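Based on the sequences and whatever the hints tell you, model everything.
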Amino acid sequence: MNYRMKRRTFLGSSFVAGMALTGLGSCSSNSQSGSAQADSLVAATYPGNWEEAHRKILVPAFQKATGAEATLTPLLALDQVARLEASANNPPFDTAILDPGPYITAPKEDIFQPFPADMAKNFSEVLPRYQNAGGPEASENWGPIIGLQFAGIAYNPKIITTSPTSWADLWNPAYKGQVGIANMDSTLGTGWMVEISKMNGGSESNLDPAFEALQELLPNLAGVASNPGALSTMIQQGEVAIAPHNIGSIAVLQDKGIDVEWVIPKEGSYAFGTSMHIVQNPVSGTELAAAYIDTALSQEVQAAMAAAPYYIAPVNQSVPLEGVLAEKIAASYDEYEKFIYQDWATISKYRPEWIERFSKAVSA
Amino acid sequence: MSVANLPTPKRKKLPLTQGQLALPLAAFLTLFYVIPMVVLLAASFQPARGGGFTLAQYAEFFTDSANIRVLTLTFWLGLQVTIACLIFGYPVAYFYHQATARWKTILTFLILLPLLTSAVVRTFGWVVILGRQGLINSLLVGLGMIDEPIKLLFTHLGVAMAMTQIWLPLMVLSIIASLSQIDPRLAAASESLGGGKWRTFWQITLPLSLPGIISGCLLVFALTVSSFVTPSIIGGGQLMYMPTLIYQQGVVLLNKPFAAAVSAVLLIMVLIVVFLLSTLGQRTRKYVQ
Numbered sequence: 001m002n003y004r005m006k007r008r009t010f011l012g013s014s015f016v017a018g019m020a021l022t023g024l025g026s027c028s029s030n031s032q033s034g035s036a037q038a039d040s041l042v043a044a045t046y047p048g049n050w051e052e053a054h055r056k057i058l059v060p061a062f063q064k065a066t067g068a069e070a071t072l073t074p075l076l077a078l079d080q081v082a083r084l085e086a087s088a089n090n091p092p093f094d095t096a097i098l099d100p101g102p103y104i105t106a107p108k109e110d111i112f113q114p115f116p117a118d119m120a121k122n123f124s125e126v127l128p129r130y131q132n133a134g135g136p137e138a139s140e141n142w143g144p145i146i147g148l149q150f151a152g153i154a155y156n157p158k159i160i161t162t163s164p165t166s167w168a169d170l171w172n173p174a175y176k177g178q179v180g181i182a183n184m185d186s187t188l189g190t191g192w193m194v195e196i197s198k199m200n201g202g203s204e205s206n207l208d209p210a211f212e213a214l215q216e217l218l219p220n221l222a223g224v225a226s227n228p229g230a231l232s233t234m235i236q237q238g239e240v241a242i243a244p245h246n247i248g249s250i251a252v253l254q255d256k257g258i259d260v261e262w263v264i265p266k267e268g269s270y271a272f273g274t275s276m277h278i279v280q281n282p283v284s285g286t287e288l289a290a291a292y293i294d295t296a297l298s299q300e301v302q303a304a305m306a307a308a309p310y311y312i313a314p315v316n317q318s319v320p321l322e323g324v325l326a327e328k329i330a331a332s333y334d335e336y337e338k339f340i341y342q343d344w345a346t347i348s349k350y351r352p353e354w355i356e357r358f359s360k361a362v363s364a
Numbered sequence: 001m002s003v004a005n006l007p008t009p010k011r012k013k014l015p016l017t018q019g020q021l022a023l024p025l026a027a028f029l030t031l032f033y034v035i036p037m038v039v040l041l042a043a044s045f046q047p048a049r050g051g052g053f054t055l056a057q058y059a060e061f062f063t064d065s066a067n068i069r070v071l072t073l074t075f076w077l078g079l080q081v082t083i084a085c086l087i088f089g090y091p092v093a094y095f096y097h098q099a100t101a102r103w104k105t106i107l108t109f110l111i112l113l114p115l116l117t118s119a120v121v122r123t124f125g126w127v128v129i130l131g132r133q134g135l136i137n138s139l140l141v142g143l144g145m146i147d148e149p150i151k152l153l154f155t156h157l158g159v160a161m162a163m164t165q166i167w168l169p170l171m172v173l174s175i176i177a178s179l180s181q182i183d184p185r186l187a188a189a190s191e192s193l194g195g196g197k198w199r200t201f202w203q204i205t206l207p208l209s210l211p212g213i214i215s216g217c218l219l220v221f222a223l224t225v226s227s228f229v230t231p232s233i234i235g236g237g238q239l240m241y242m243p244t245l246i247y248q249q250g251v252v253l254l255n256k257p258f259a260a261a262v263s264a265v266l267l268i269m270v271l272i273v274v275f276l277l278s279t280l281g282q283r284t285r286k287y288v289q
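So the protein lines, in turn, are chains A and B. Each residue of the first sequence is one higher than the last, beginning at 1 in full-length UniProt numbering. Each residue of the second sequence is one higher than the last, beginning at 1 in full-length UniProt numbering.
Derived from the structure by calculation, the hints contain no laboratory data. In this text the structure is predicted, and so the values were computed from the model without any measurement. Among the hints, a few may not be true.
Said to hold, decoys possible - The calculated label-pair distances, taken between Cβ atoms and stated as ranges, are:
no.	chain 1	residue 1	chain 2	residue 2	range
1	A	Lys56	B	Val128	21 to 31 Å
2	A	Asp343	B	Pro47	23 to 33 Å
3	A	Lys360	B	Ile268	17 to 27 Å
Stated by the list, open to error - Covered by chain A, per the in silico footprint, the following chain B stretches (three or more residues, Cβ under 8 Å):
no.	segment
4	132-146
5	235-244
6	247-258
Stated by the list, open to error - Subject to a maximum C-alpha distance of 30 Å in a straight line, what follows is the list of computed DSBU-like cross-link-like pairs (lysine-lysine):
no.	chain 1	residue 1	chain 2	residue 2
7	A	Lys176	A	Lys360
8	A	Lys158	A	Lys328
9	A	Lys349	B	Lys256
10	A	Lys158	A	Lys256
11	A	Lys266	A	Lys176
12	A	Lys328	A	Lys56
13	A	Lys266	A	Lys256
14	B	Lys151	A	Lys176
15	B	Lys151	A	Lys360
16	A	Lys360	B	Lys256
17	A	Lys121	A	Lys64
18	A	Lys338	A	Lys266
19	A	Lys256	B	Lys151
20	A	Lys256	A	Lys176
21	B	Lys104	B	Lys197
22	A	Lys56	A	Lys121
23	A	Lys158	B	Lys151
24	A	Lys328	A	Lys176
Ideal Cβ placement from N, Cα and C applies to all residues, glycine included.
Encoded structure:
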């Protein structure tokens with residue numbers, strides 16, 4: 001009996017003590033987040049390689065530069081725009097990361113704020129072409145490009161023994177059931193359709209030649225990946241032997257020991273940038289959000305992101321071009337100019353209609 | 001704060017009915033389910049630009065044969081997966097019901113196992129299994145049953161296979177619940193009256209487990225036709241189902257009213273199936289009692 005009582009009192013008192021500790025703990029954490037709200041930031045990133053790269057490189061660099069914590073939220077570009085639209089007054093993250101397709105169609109005035117270039121000391125180091133995600137002629141700067149992708153032909157040298165030289169090689173009847181392409185929802189997929197159209201006499205505003213060519217490509221298609229990440233998986237699984245893809249994504253596969261080569265077709269490689277933006281009413285405050293993007297543009301972060309195993313081409317001209325990027329893409333920043341920069345302002349006018357048409361054209 | 005003014009004595013006499021106990025949940029559902037649903041339905045009657053009332057979104061949906069194909073393909077997928085889950089799930093549930101207590105522990109774990117991994121991981125597992133150099137193809141080629149790998153990934157069949165595995169536990173659990181409610185004396189009585197094992201099963205056990213079959217079918221059908229991750233990864237860009245169409249219209253093309261209309265059509269399809277199955281359920285319940 002006595003023992004029991006003791007146990008009860010012990011349990012009771014420890015319960016009270018536990019509650020008190022929990023209470024104290026929550027109080028202190030409350031006061032922490034309350035008094036120093038500008039000590040943490042939530043940044044959107046792409047799932048997969050980008051998330052890993054940002055977690056290992058950008059977040060620690062940001063913490064070192066500002067002393068603030070950053071939390072990553074992995075989301076596809078379109079999902080970021082959808083969430084910002086749904087709650088512009090109380091955004092779920094402070095900075096967004098987009099590429100041209102979603103960027104052009106996003107209601108930028110409603111969800112982003114103009115980029116405060118004066119708050120970013122590394123901004124002046126960025127090549128002028130990439131200082132504005134909307135292009136050098138855009139009237140408002142909603143944020144800079146922080147890295148580049150270059151699209152070319154990826155192929156498995158074990159199956160495709162002669163190196164492809166043109167986009168037209170995808171139509172080679174020998175590659176029946178071996179070709180993969182990315183859905184037109186993605187920037188990679190839309191960009192590719194535009195290049196195919198140009199190759200067949202079309203343009204950024206006329207995709208009819210590309211749709212005609214697509215019909216002829218159908219017997220060769222192994223599958224249409226729902227996004228570029230899924231296209232990488234298809235190459236990795238040996239599901240696809242030849243596909244249009246980004247150099248960055250292919251270099252990642254090569255590092256994992258997968259049989260894959262990447263070449264620029266004679267029609268040229270189209271380049272597109274990944275951009276970062278400060279949302280409206282950021283919980284972290286504009287200053288901290290600007291500091292995060294500034295860190296992404298810094299020489300240190302740009303150089304680390306450009307190296308193995310991420311291979312995201314830098315835009316900061318103080319970063320030396322090395323390795324795969326120097327070998328396949330450009331030995332100097334002047335050579336960036338030889339790539340094709342598509343007219344996304346024109347493309348965006350027709351894109352919704354094309355995406356629907358594409359879905360119907362490829363549907364099994 | 002005039003607590004004294006409250007007619008407390010009168011209140012005390014009022015019995016707390018079961019309905020009142022459900023009030024917190026009702027409030028929660030109204031706030032987070034009914035109101036968003038009304039907003040969604042209202043959005044589906046809006047034109048693509050500006051305000052007003054129009055049936056244009058529904059007209060657009062039903063006049064385009066591509067959309068009708070998406071609708072029928074989704075319904076077909078739901079039906080196939082439900083039937084496959086029933087065929088594979090019933091024997092498992094029956095075996096579980098007959099098993100000893102020790103086996104039941106092991107079986108519970110095995111049945112629940114698929115629910116313990118995330119849908120994304122399971123789906124990527126299926127990509128590896130269904131691929132050209134995947135498990136199924138290597139096995140069939142190795143056994144010499146086929147010369148060339150067959151295409152399973154990015155096909156409707158592949159999606160249906162993966163979905164069947166993913167939703168199978170729900171069917172099994174529903175049927176187990178129903179089987180365990182059957183009075184074991186009924187089977188004994190049937191046997192003592194000369195009914196064989198098969199006859200007892202067909203005339204006693206199966207009809208009495210119908211409520212579980214129906215609720216399992218309802219769950220599997222509703223979850224299959226509204227799945228997004230598995231159909232989009234295993235189906236790829238060439239197979240479009242209702243949830244992928246909603247995503248494309250709403251998130252990619254920012255055509256919210258049309259996406260809302262597609263959602264409403266999907267909802268109506270599920271409601272019709274729910275209605276038909278629950279009518280059937282009502283009848284079988286009478287039979288059970």
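Hint check:
1. Restraint check, A:Lys56 to B:Val128: a C-beta distance of roughly 27 Å satisfies the suggested window 21 to 31 Å.
2. As the Cβ distance of A:Asp343 to B:Pro47 is approximately 30 Å, the hint placing it in 23 to 33 Å holds.
3. Roughly 23 Å separates the CB atoms of A:Lys360 and B:Ile268, a value that falls within the hinted 17 to 27 Å.
4. Coverage of a stretch by a chain is defined here by at least three residues with a beta carbon nearer than 8 Å to that chain's beta carbons; for the segment 132-146 of chain B and chain A the count is 3, and the condition holds.
5. Counting residues of the segment 235-244 of chain B whose CB lies closer than 8 Å to any CB of chain A gives 5, so the stated coverage by that chain holds, three being the minimum.
6. With a cut-off of 8 Å between beta carbons, the segment 247-258 of chain B has 7 residues touching chain A; three or more are needed, and the interface restraint holds.
7. For the hint pairing A:Lys176 with A:Lys360, the CA-to-CA distance comes to about 21 Å; that is within 30 Å, so the pair holds.
8. In summary, the hint linking A:Lys158 to A:Lys328 is supported, as the alpha carbons are separated by about 20 Å, within the 30 Å threshold.
9. Restraint check: the Cα-Cα separation between A:Lys349 and B:Lys256 comes to about 18 Å, which is no more than 30 Å; the hinted pair holds.
10. For the given pair, A:Lys158 sits about 16 Å from A:Lys256 by alpha-carbon distance, which is consistent with the 30 Å threshold.
11. With a C-alpha separation of about 22 Å, the suggested pairing of A:Lys266 with A:Lys176 holds against the 30 Å cut-off.
12. This hinted pair checks out: A:Lys328 and A:Lys56 have alpha carbons roughly 25 Å apart, not beyond 30 Å.
13. Taking the CA atoms of A:Lys266 and A:Lys256, the gap is near 28 Å; set against the 30 Å cutoff, the hint holds.
14. For the hint pairing B:Lys151 with A:Lys176, the CA-to-CA distance comes to about 13 Å; that is within 30 Å, so the pair holds.
15. At most 30 Å may separate the alpha-carbon atoms for a hinted pair to count; B:Lys151 and A:Lys360 meet this at roughly 21 Å.
16. With a CA separation close to 20 Å, the supplied pair A:Lys360 and B:Lys256 stays within the 30 Å bound.
17. Annotation: proposed proximity of A:Lys121 to A:Lys64 holds, straight-line Cα distance about 16 Å (limit 30 Å).
18. Distance restraint check for A:Lys338 and A:Lys266: the Cα-Cα separation of roughly 12 Å lies within the 30 Å cut-off, and the hinted pair is therefore satisfied.
19. Of the pairs offered as hints, the one joining A:Lys256 and B:Lys151 holds, with about 26 Å between alpha carbons and a cut-off of 30 Å not exceeded.
20. A threshold of 30 Å between alpha carbons decides the hint, and for A:Lys256 with A:Lys176 the separation of about 27 Å falls inside it, so the pair holds.
21. Using a Cα cut-off of 30 Å, the hinted pair B:Lys104 and B:Lys197 holds, with the two alpha carbons roughly 22 Å apart.
22. A hinted pair counts as satisfied when its Cα atoms are at most 30 Å apart, and A:Lys56 with A:Lys121 qualifies at roughly 22 Å.
23. Distance restraint check for A:Lys158 and B:Lys151: the Cα-Cα separation of roughly 21 Å lies within the 30 Å cut-off, and the hinted pair is therefore satisfied.
24. Distance check on the hinted pair: A:Lys328 and A:Lys176 sit about 28 Å apart at the alpha-carbon level, within 30 Å; holds.
The structure is consistent with each of the numbered hints, conforming to all of them.
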